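Residue numbers (my numbering), protein chains in the order written: chain A, 1 to 262; chain B, 263 to 539.
Keep in mind that a hint or two might mislead.
What the hints assert, rightly or not - In the DSS-like style, the derived pairs of lysine-lysine whose C-alpha atoms are separated by at most 30 Å in a straight line are: (1) B:278 x A:143; (2) B:287 x A:116; (3) B:287 x B:534; (4) A:196 x A:225; (5) B:287 x A:122; (6) A:143 x B:287; (7) B:454 x B:271; (8) B:454 x B:536; (9) A:143 x B:534.
As the list claims (entries may be wrong) - A few chain A residues that face chain B, going by a derived Cβ cut-off under 7 Å, partial list only: (10) 39; (11) 42; (12) 117.
Worth flagging that the hints you see were computed from the coordinates, not collected in a lab. Note that the coordinates shown come from a computational prediction; the quantities given were computed from them, not determined experimentally. All C-beta atoms, glycine included, are put in the ideal place defined by N, C-alpha and C.
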Amino acid sequence: MMRHAETEAAVADEKNGRPVKISVRNLTKRFGDLLVLDDLTFNIHANEFVCVVGPTGCGKTTFLNCLTRIYEPTSGDLLIDNASADPQKHNISFVFQEPSAFPWLTVEENLAYGLKIKRVAKGEIERRVNQILDLMGLQQFRKSYPGELSVSIEQRVIIGRSFAMRPDLLLMDEPYGQMDVKVRFYLEDEVIRLWKELGSTIVFITHNIEEAVYLAERVIILSNKPACIKEELVLDLPRPRNIAGSEFIQYRKYITDKIKWW
Amino acid sequence: MALDDNALKIKLREWKDKQRRDDLKYLGIGAASLLAFLLFWQMAVKTGLANERTLPAPSAIFETFLDKLTDPDPDGNTLGTNIFASLQVSLSGFFAALVIGIPLGLCMGWWTYADRFLRPIFELIRPVPPIAWIPLVVVWMGVGLKAKALIIFFTTFVPCVINSYTGIRLTNQTLINVSKTFGAKNFEIFHKVGIPSAMPMVFAGVRVALGSSWSTLVAAEMLAASAGLGYMIQYGRNVARADIVIVGMLTIGLVGAFLAAMLQFVEKRFLKWKTTR
Ligand SMILES: Nc1ncnc2c1ncn2[C@@H]1O[C@H](COP(=O)(O)OP(=O)(O)OP(=O)(O)O)[C@@H](O)[C@H]1O
Ligand SMILES: [Mg+2]
Chain A
1 MMRHAETEAA
11 VADEKNGRPV
21 KISVRNLTKR
31 FGDLLVLDDL
41 TFNIHANEFV
51 CVVGPTGCGK
61 TTFLNCLTRI
71 YEPTSGDLLI
81 DNASADPQKH
91 NISFVFQEPS
101 AFPWLTVEEN
111 LAYGLKIKRV
121 AKGEIERRVN
131 QILDLMGLQQ
141 FRKSYPGELS
151 VSIEQRVIIG
161 RSFAMRPDLL
171 LMDEPYGQMD
181 VKVRFYLEDE
191 VIRLWKELGS
201 TIVFITHNIE
211 EAVYLAERVI
221 ILSNKPACIK
231 EELVLDLPRP
241 RNIAGSEFIQ
251 YRKYITDKIK
261 WW
Chain B
263 MALDDNALKI
273 KLREWKDKQR
283 RDDLKYLGIG
293 AASLLAFLLF
303 WQMAVKTGLA
313 NERTLPAPSA
323 IFETFLDKLT
333 DPDPDGNTLG
343 TNIFASLQVS
353 LSGFFAALVI
363 GIPLGLCMGW
373 WTYADRFLRP
383 IFELIRPVPP
393 IAWIPLVVVW
403 MGVGLKAKAL
413 IIFFTTFVPC
423 VINSYTGIRL
433 TNQTLINVSK
443 TFGAKNFEIF
453 HKVGIPSAMP
463 MVFAGVRVAL
473 GSSWSTLVAA
483 EMLAASAGLG
493 YMIQYGRNVA
503 RADIVIVGML
513 TIGLVGAFLA
523 AMLQFVEKRF
533 LKWKTTR
């Protein structure tokens with residue numbers, strides 16, 4: 001099944017003419033004696049939307065951390081655009097699992113943070129921050145500090161901060177876990193819109209299988225620790241997807257079963 | 263909606279009024295206790311329960327206080343001159359400690375090399391009580407302003423370093439990682455993430471430092487001094503004027519409280535994100 005899906009993905013991408021964006025080669029990561037990632041090899045194509053699902057503690061966050069060089073892989077390599085991954089060269093945004101707004105910066109300063117690091121021109125920063133404030137419904141909070149906001153609004157700031165970067169590569173680690181259903185649906189549609197508009201490549205980690213089926217072009221299912229790829233699933237459902245559609249439910253059940261199995 | 267707004271505003275005003283009334287009430291209670299204490303003291307002295315020579319009545323102390331504002335007797339300086347002299351000593355020591363101690367602590371907390379290099383020296387100096395430096399300091403630089411300021415420096419330096427060090431060590435790793443993935447270099451992360459996140463701890467250290475700089479004053483002014491609050495107290499002791507001693511003590515307390523309030527004001531400004539919670 002796994003080989004099958006991979007070739008399927010390759011064929012699909014040949015059709016779309018999308019080059020390889022991320023190439024993961026024999027990626028292995030150990031923490032001391034603890035083997036977390038076991039010889040992962042796969043590709044993610046430019047402008048692809050990939051969801052990664054897997055049991056708790058299997059190494060999803062570790063994978064992203066290797067991709068951004070927060071951790072050095074024990075062996076193997078990760079290539080972005082055929083060059084070894086390097087956040088100083090590549091335009092990467094990462095929405096971390098933990099709340100990560102800077103408490104000493106106001107909402108608008110938080111949104112501008114990454115742009116300032118990338119030395120984006122002042123006028124452009126202002127324009128983008130304003131756009132994000134509108135997009136995320138944060139205008140009224142622009143001068144507030146994160147400590148004054150609820151967790152879900154703080155999370156919107158964090159997501160907005162990554163969107164503002166117009167990243168080549170957007171990594172999201174369970175970004176919507178804290179959100180209520182309404183905001184989550186809204187932001188799921190937003191991330192799809194952003195993806196289409198900017199042509200970003202997105203790697204999205206989630207626990208929520210419905211979310212994965214709603215968003216992804218391809219779902220990577222990881223096994224229990226040490227993580228290896230159990231299966232890759234190409235979802236070619238039309239968008240916007242109907243979460244009550246029979247095909248949708250079939251996919252959802254299928255993935256749920258796969259994860260329940262171990 | 264508009265109606266709601268109005269109702270809310272009225273509620274808010276009511277709540278604020280109540281808050282103000284409460285504040286006033288508690289202030290009243292505090293003042294009453296202080297007054298009772300002073301009254302008891304005054305009575306004790308006037309009825310001869312306490313010896314007026316060793317414990318003057320509050321009224322006498324207040325009189326001395328007013329006198330000292332203009333009268334240089336017996337120590338040769340008015341109260342204002344003494345306060346100024348003491349402030350000069352303690353603040354110059356204090357600010358020197360901030361300017362050197364805080365950056366040092368921050369760098370030691372951030373760069374392991376700086377830590378490894380400087381820590382042995384620091385650990386050696388740290389346990390030495392500041393007063394034990396006095397003889398050496400006198401040999402080095404006599405008994406002038408610089409010598410006294412140096413002793414204050416030794417007391418205030420340590421909390422500045424320790425708190426800055428600890429504060430920056432506690433920087434949230436996720437926030438560092440956010441900056442890394444945006445492509446920030448280590449030095450940029452140091453000044454954009456490390457320093458601001460250490461600020462609350464740094465300020466706590468500065469508060470401790472300010473307190474100890476002011477309270478080591480008496481000791482520092484035991485070095486031959488010709489002015490200062492500590493000097494005034496010494497002098498009062500030598501001429502057996504308990505009222506002068508007490509006025510000196512009270513002034514030290516008051517000025518100390520005033521400095522602490524100033525610092526709190528600055529801190530509120532600097533750490534708006536903490537205090538607006
Ligand atoms: N820095 C580290 N040092 C040692 N062990 C670690 C470290 N980071 C992660 N681990 C271990 O690696 C394993 C995978 O962790 P990881 O955070 O990648 O899982 P995850 O799939 O993201 O889990 P979750 O679904 O809870 O977010 C865990 O067993 C964890 O204890
Ligand atoms: Mg995780």
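*Would you pick out the hints that fail for this structure and give their numbers low to high?*
2, 4, 5, 6, 7, 10 and 11
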